[in-house]
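Residue numbers (my numbering), protein chains in the order written: chain A, 1 to 622; chain B, 1 to 207; chain C, 1 to 111.
Incorrect hints may have been included.
Here are the simulated distance ranges between beta carbons [as the list claims (entries may be wrong)]:
| hint | chain 1 | residue 1 | chain 2 | residue 2 | range |
| --- | --- | --- | --- | --- | --- |
| 1 | A | S547 | B | V74 | 29 to 39 Å |
| 2 | A | K610 | C | E80 | 29 to 39 Å |
| 3 | B | D14 | A | W127 | 56 to 66 Å |
The calculated DMTMM-like cross-link candidates involving lysine to aspartate or glutamate, where the alpha carbons are at most 25 Å apart (straight line), are [to be verified]:
| hint | chain 1 | residue 1 | chain 2 | residue 2 |
| --- | --- | --- | --- | --- |
| 4 | C | K13 | C | E24 |
| 5 | B | K99 | C | E14 |
| 6 | C | K19 | B | D14 |
| 7 | B | K18 | A | E415 |
| 8 | A | K532 | A | E577 |
| 9 | A | K602 | B | D173 |
| 10 | B | K52 | B | E119 |
| 11 | B | K169 | A | D495 |
| 12 | B | K26 | A | D604 |
| 13 | B | K26 | B | D14 |
| 14 | C | K13 | B | D14 |
| 15 | B | K26 | A | D603 |
| 16 | C | K13 | B | D173 |
| 17 | B | K179 | C | E80 |
| 18 | A | K610 | A | D495 |
| 19 | B | K6 | C | E14 |
| 20 | B | K26 | B | E122 |
| 21 | B | K18 | A | D604 |
| 22 | A | K341 | A | E415 |
| 23 | C | K19 | B | E122 |
| 24 | B | K26 | C | E80 |
| 25 | B | K99 | A | D603 |
| 26 | C | K10 | B | E119 |
| 27 | C | K81 | B | D14 |
| 28 | B | K179 | A | E415 |
| 29 | B | K26 | A | E538 |
| 30 | C | K20 | B | D173 |
| 31 | C | K20 | B | D14 |
In short, the hints are calculated from the structure, not lab data. From the three backbone atoms N, C-alpha and C, an ideal C-beta is built for every residue, glycine too.
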Amino acid sequence: MSSVATKKKGLGAHIWDYITTVDHKKIAHLYLVAGTLFFVIGGIEAMLIRIQLAKPDNDFLSAGLFNEVMTMHGTTMIFLAAMPLVFAFMNAIVPLQIGARDVAFPFLNSLGFWLFLFGGVFLNLSWFFTGAPDAGWTSYASLSLMSPGHGIDFYALGLQISGAGTLISGINFLVTIINMRAPGMTYMRMPLFTWTAFVASALILFAFPPLTIGLFFMIFDRMFSGNFFVHTMGGNTIIWEHLFWIFGHPEVYILILPAFGIFSEIFATFSRKRLFGYPSMVFATILIGFLGFMVWAHHMFTVGLGPTANAIFSVATMAIAVPTGMKIFNWLMTMWGGSIKITTPMLYALGFIPSFVAGGVTGIMQASAPLDYQLHDSYFIVAHFHYVIVGGVVLALFAGAHYYWPIMFNQMLNETLGKITFVFFFVGFHLTFFLQHFLGLMGMPRRVAVFKAGQGLDLFNFISTIGAFLMAIGVIILVINVIITAIKGVPAGRDPWEDGRTLEWAIPQPIPFYNFKQTPLIRGLDPYWIEKMDGNKEGMLYAEPLSDIHMPNNSFIPVVMSFGFFVAAFGAMFHQETSWGLYVLIGGLAITALGMIYRSVKDDHGYYIKKEDLLDDKGGKH
Amino acid sequence: MSSNQKFTPHSWPDHPEKATAEGKNKVTGFWLFLGGETVLFATLFATYLALKDKGPSGMKFTSQELFELPLAFVMTMLLLTSSLTSVYAMYHMKSYNFKAMQAWLSITVLLGLGFLGLEIYEFTEYVHEGFGFSQSAFSTSFFTLVGTHGVHVVIGLVWITLLMLRNSKRGLDLYNAPKYYLASLYWHFIDVVWVFIFTVVYLMGVM
Amino acid sequence: MSHEIEIVSKSPKEFAYAKKKSAEAMRNQVTAFAIMIFFTFIAFALVMAGFSPTLVVPVILLLAVVQVILQLYFFMHWSEKGHGIPQFFMYSGALVAFTMVLAFVTIIWWE
Numbered sequence: 001m002s003s004v005a006t007k008k009k010g011l012g013a014h015i016w017d018y019i020t021t022v023d024h025k026k027i028a029h030l031y032l033v034a035g036t037l038f039f040v041i042g043g044i045e046a047m048l049i050r051i052q053l054a055k056p057d058n059d060f061l062s063a064g065l066f067n068e069v070m071t072m073h074g075t076t077m078i079f080l081a082a083m084p085l086v087f088a089f090m091n092a093i094v095p096l097q098i099g100a101r102d103v104a105f106p107f108l109n110s111l112g113f114w115l116f117l118f119g120g121v122f123l124n125l126s127w128f129f130t131g132a133p134d135a136g137w138t139s140y141a142s143l144s145l146m147s148p149g150h151g152i153d154f155y156a157l158g159l160q161i162s163g164a165g166t167l168i169s170g171i172n173f174l175v176t177i178i179n180m181r182a183p184g185m186t187y188m189r190m191p192l193f194t195w196t197a198f199v200a201s202a203l204i205l206f207a208f209p210p211l212t213i214g215l216f217f218m219i220f221d222r223m224f225s226g227n228f229f230v231h232t233m234g235g236n237t238i239i240w241e242h243l244f245w246i247f248g249h250p251e252v253y254i255l256i257l258p259a260f261g262i263f264s265e266i267f268a269t270f271s272r273k274r275l276f277g278y279p280s281m282v283f284a285t286i287l288i289g290f291l292g293f294m295v296w297a298h299h300m301f302t303v304g305l306g307p308t309a310n311a312i313f314s315v316a317t318m319a320i321a322v323p324t325g326m327k328i329f330n331w332l333m334t335m336w337g338g339s340i341k342i343t344t345p346m347l348y349a350l351g352f353i354p355s356f357v358a359g360g361v362t363g364i365m366q367a368s369a370p371l372d373y374q375l376h377d378s379y380f381i382v383a384h385f386h387y388v389i390v391g392g393v394v395l396a397l398f399a400g401a402h403y404y405w406p407i408m409f410n411q412m413l414n415e416t417l418g419k420i421t422f423v424f425f426f427v428g429f430h431l432t433f434f435l436q437h438f439l440g441l442m443g444m445p446r447r448v449a450v451f452k453a454g455q456g457l458d459l460f461n462f463i464s465t466i467g468a469f470l471m472a473i474g475v476i477i478l479v480i481n482v483i484i485t486a487i488k489g490v491p492a493g494r495d496p497w498e499d500g501r502t503l504e505w506a507i508p509q510p511i512p513f514y515n516f517k518q519t520p521l522i523r524g525l526d527p528y529w530i531e532k533m534d535g536n537k538e539g540m541l542y543a544e545p546l547s548d549i550h551m552p553n554n555s556f557i558p559v560v561m562s563f564g565f566f567v568a569a570f571g572a573m574f575h576q577e578t579s580w581g582l583y584v585l586i587g588g589l590a591i592t593a594l595g596m597i598y599r600s601v602k603d604d605h606g607y608y609i610k611k612e613d614l615l616d617d618k619g620g621k622h
Numbered sequence: 001m002s003s004n005q006k007f008t009p010h011s012w013p014d015h016p017e018k019a020t021a022e023g024k025n026k027v028t029g030f031w032l033f034l035g036g037e038t039v040l041f042a043t044l045f046a047t048y049l050a051l052k053d054k055g056p057s058g059m060k061f062t063s064q065e066l067f068e069l070p071l072a073f074v075m076t077m078l079l080l081t082s083s084l085t086s087v088y089a090m091y092h093m094k095s096y097n098f099k100a101m102q103a104w105l106s107i108t109v110l111l112g113l114g115f116l117g118l119e120i121y122e123f124t125e126y127v128h129e130g131f132g133f134s135q136s137a138f139s140t141s142f143f144t145l146v147g148t149h150g151v152h153v154v155i156g157l158v159w160i161t162l163l164m165l166r167n168s169k170r171g172l173d174l175y176n177a178p179k180y181y182l183a184s185l186y187w188h189f190i191d192v193v194w195v196f197i198f199t200v201v202y203l204m205g206v207m
Numbered sequence: 001m002s003h004e005i006e007i008v009s010k011s012p013k014e015f016a017y018a019k020k021k022s023a024e025a026m027r028n029q030v031t032a033f034a035i036m037i038f039f040t041f042i043a044f045a046l047v048m049a050g051f052s053p054t055l056v057v058p059v060i061l062l063l064a065v066v067q068v069i070l071q072l073y074f075f076m077h078w079s080e081k082g083h084g085i086p087q088f089f090m091y092s093g094a095l096v097a098f099t100m101v102l103a104f105v106t107i108i109w110w111e
């Protein structure tokens, strides 16, 4: 690793490099691949749900299996697909946008990824044991405590492991953005994607501990004879609901804020204008983050918290519409008078605005507690949250994939195929979920495996299923696009969209593994644009002379530590029914502890890239 | 390696924990972690308060009869004092007096061990009386709250001990100064949590 | 990231000043410790004396909060410069914590 010169490496060496890597760009690739894999699994589960509900009285899936598929669809999509894909972009882009050579803690970055992956794999292994979790992604305690088999144990333990990874990554990004900004990159010059990543990470920091504790309570109650939720022993199941939503509500902002950030970048780039109302965008982002913690009980209006609590949470929820509305208007004003270029990412951004507004408006409807009593647990809710998650987050992830592909892989995805993907996915999305609003209003409850014929639900459900197939076609075209692009392997070069504004577009391609030969000097918002306008061919100014660069060493320990938790989780799950469970639990934790102690005791100072090697290095291939 | 340079008390920086970029990141990151820990313990406190004295019908255990205030008081004193001794250790760390720092840290560890011993004694007493982990919602939430704090104490003790052993021959440098600093922050945080446990669980429990 | 760390040897005057500063900090820390011990005694005594809980509970909670603030500002160095970020995040955490505890003592059980 000490030489910068290009080396020919075999496949095995490449794989080993990725397993032990601490480079944020490679970890971004890992997140992208793993997240896509889980996205496809969750998508297949979604298709199974829609096939089952295509016609009345269907018996494609049994009721029990339907519950498992439905639970795993939600859990997989939120925790194992959306979160890691957001992390993929945060890893790939944030350090480049702020002019950093890596994140603050490269080792922890790797640890965060491997914890997520082992947790996700553990959760999905449930299919091969006694069945997957079947109490819904919210896993309400009264139901989940009664669930037979190990499904819920897989849920609690798997999410515990991957949640720890998420918390670690969140802290890592916070420190990166606080401490590692290049000279001149003040807080109010940070690109909006970095800002949203910052606020989302702060939400992770405060939202994940309640989930951790909630999951521990669940683990104690199910596996270690605790009594948190057991009402005959004085417990209370409402506690789980509170803990879950104290985490769960900020969680949707953790997903949507980076999505807002991606779209903010896209709007500014392809309108070829500075983002309208940048300070108000920053303010709105922080305000959404703050309010996100004060509204969790709007998921629990029908629990019976009383009129006072319902009123408080109702008003707080409606207040969130204000900063969100600010953002929508700012995006519209960014386009106003701009010289708009309709590329694939821009197409997604344009589609996002009406879709997300629709999801937001239904959200405000549910914020009204009396109306929520009518809508609760109906398909209206399903329609609402798919409008915000698919219409907001997934559109942003697809837009981001097309937009940032050249940064991540130095290749351009095919624009024509990209637009075809968009049409299929966008039309399919509205076809699937728009009619579900009406299904809900007609009284169709969510999470049902069958509906009866002759209740007026047949046609809309059938159309909904057709829409789901269109979305699937869209995703398949995207995958084909990726494969074709990879095979062609045409380098995209620097600033392939030609309108890049922020620092990441100024870096020569392929991006060297140390990112910046010299730390850049930032002169304002949209630094690359400023340099372009000043006719600076290099794209950036430098804050320091060329000198040795300190880099961290690769490490295998993150995999070992994550594997220890993975083993321990099996032990915890089987310790009641087997004699070996307890030993496996202790052994697994010992593996993790040893990994940690080894890391602490063994000095790892990293290595230096010598100045002379940097001078020789033209493109930065490695 | 620059951070391994040997120093004299005169060349030792005023803030050795933040003198390197790595140290600065570590300190910031650790504070953020403590922010998360605050919420984590708040969750445990909130649950404890919600489930206090709740149990199966006819449960004979109440916080009023169960808790022994004098014992908890002694434990508080031990932990408070250990907080002071770790402050002394950091004082000597900043003035580049390695031996004095290690000595004060050893006292901190001893006080922590004393605290831990009393806590284990207290827990076994409760279990003997029939107030085990799965006796009631009250017992489960009590043991989880106080036990989580106890686990933090154990981790803190292992951490400080390992640091002292690992660096006993090497002495202070800018690579391990942040590590000592963080361990001491962690130890103070444990004390912060205990102040609330003493007040909310024990003092308010016996009233 | 970390470049060569410049080693600056302090002049005798600077050294004496730094010594004085940290001795001052130490004095504050010992004072804070004395107050914390004193507060713990008061709280303990108030409860042992058996005053009415409506009176004692707010007082001992206040004493606990003051102790924690002393701990944070003097033992954990918040009184020194450069602690804006830790303070912001710890206060944010405290706000979330407060909201949660408030919710759990008001809307978990109801008749």
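Status of each hint after checking the structure:
1. The hinted range of 29 to 39 Å is not satisfied by A:S547 and B:V74, whose Cβ atoms lie roughly 57 Å apart.
2. Distance hint for A:K610 and C:E80: a CB-CB separation of about 37 Å, consistent with the stated range 29 to 39 Å.
3. A hinted range of 56 to 66 Å for the beta carbons of B:D14 and A:W127 is consistent with their spacing of about 58 Å.
4. Note on C:K13 and C:E24: the hinted pairing holds, with a Cα-Cα distance of about 16 Å set against a maximum of 25 Å.
5. Taking the CA atoms of B:K99 and C:E14, the gap is near 24 Å; set against the 25 Å cutoff, the hint holds.
6. A distance of roughly 10 Å separates the Cα atoms of C:K19 and B:D14; the hinted pair therefore holds under the 25 Å criterion.
7. The hinted pair formed by B:K18 and A:E415 fails the criterion: a straight-line CA distance of about 48 Å is larger than 25 Å.
8. The straight-line distance between the Cα atoms of A:K532 and A:E577 is roughly 67 Å, outside the 25 Å bound, and the hint therefore fails.
9. Under the criterion of a C-alpha separation no larger than 25 Å, the hint pairing A:K602 with B:D173 is consistent with the structure, at around 15 Å.
10. With a C-alpha separation of about 20 Å, the suggested pairing of B:K52 with B:E119 holds against the 25 Å cut-off.
11. For the proposed pair B:K169 and A:D495, the alpha carbon gap of about 53 Å is over 25 Å, so the pair is violated.
12. Proposed proximity of B:K26 and A:D604 is supported: the alpha carbons are some 15 Å apart, at most 25 Å.
13. Taking the CA atoms of B:K26 and B:D14, the gap is near 17 Å; set against the 25 Å cutoff, the hint holds.
14. For the hint linking C:K13 to B:D14, the alpha-carbon distance of about 14 Å falls within 25 Å, and the restraint holds.
15. Between B:K26 and A:D603 the CA atoms are separated by roughly 15 Å; this keeps the pair inside 25 Å, and the hint holds.
16. Note on C:K13 and B:D173: the hinted pairing holds, with a Cα-Cα distance of about 24 Å set against a maximum of 25 Å.
17. Between B:K179 and C:E80, the direct Cα distance comes to roughly 19 Å. Compliance with the 25 Å bound is thereby established for this hinted pair.
18. For the hint linking A:K610 to A:D495, the alpha-carbon distance of about 28 Å lies beyond 25 Å, and the restraint is violated.
19. The hinted pair formed by B:K6 and C:E14 meets the criterion: a straight-line CA distance of about 20 Å does not exceed 25 Å.
20. Under the criterion of a C-alpha separation no larger than 25 Å, the hint pairing B:K26 with B:E122 is inconsistent with the structure, at around 36 Å.
21. Using a Cα cut-off of 25 Å, the hinted pair B:K18 and A:D604 holds, with the two alpha carbons roughly 18 Å apart.
22. For the proposed pair A:K341 and A:E415, the alpha carbon gap of about 13 Å is at most 25 Å, so the pair holds.
23. Simply put, C:K19 and B:E122 have alpha-carbon atoms about 43 Å apart, too far for the 25 Å limit, and the pair is violated.
24. Between B:K26 and C:E80 the CA atoms are separated by roughly 17 Å; this keeps the pair inside 25 Å, and the hint holds.
25. A threshold of 25 Å between alpha carbons decides the hint, and for B:K99 with A:D603 the separation of about 21 Å falls inside it, so the pair holds.
26. Between the alpha carbons of C:K10 and B:E119 the distance comes to roughly 47 Å, so the proposed pair goes past 25 Å and is violated.
27. Straight-line distance between C-alpha atoms of C:K81 and B:D14 comes to about 12 Å, which keeps the hinted pair within the 25 Å bound.
28. Annotation: proposed proximity of B:K179 to A:E415 is violated, straight-line Cα distance about 51 Å (limit 25 Å).
29. Our distance criterion of 25 Å between C-alpha atoms is broken by B:K26 and A:E538, whose separation comes to about 34 Å.
30. Between C:K20 and B:D173 the alpha-carbon distance is near 23 Å, which keeps this suggested pair within the 25 Å criterion.
31. This hinted pair checks out: C:K20 and B:D14 have alpha carbons roughly 12 Å apart, not beyond 25 Å.
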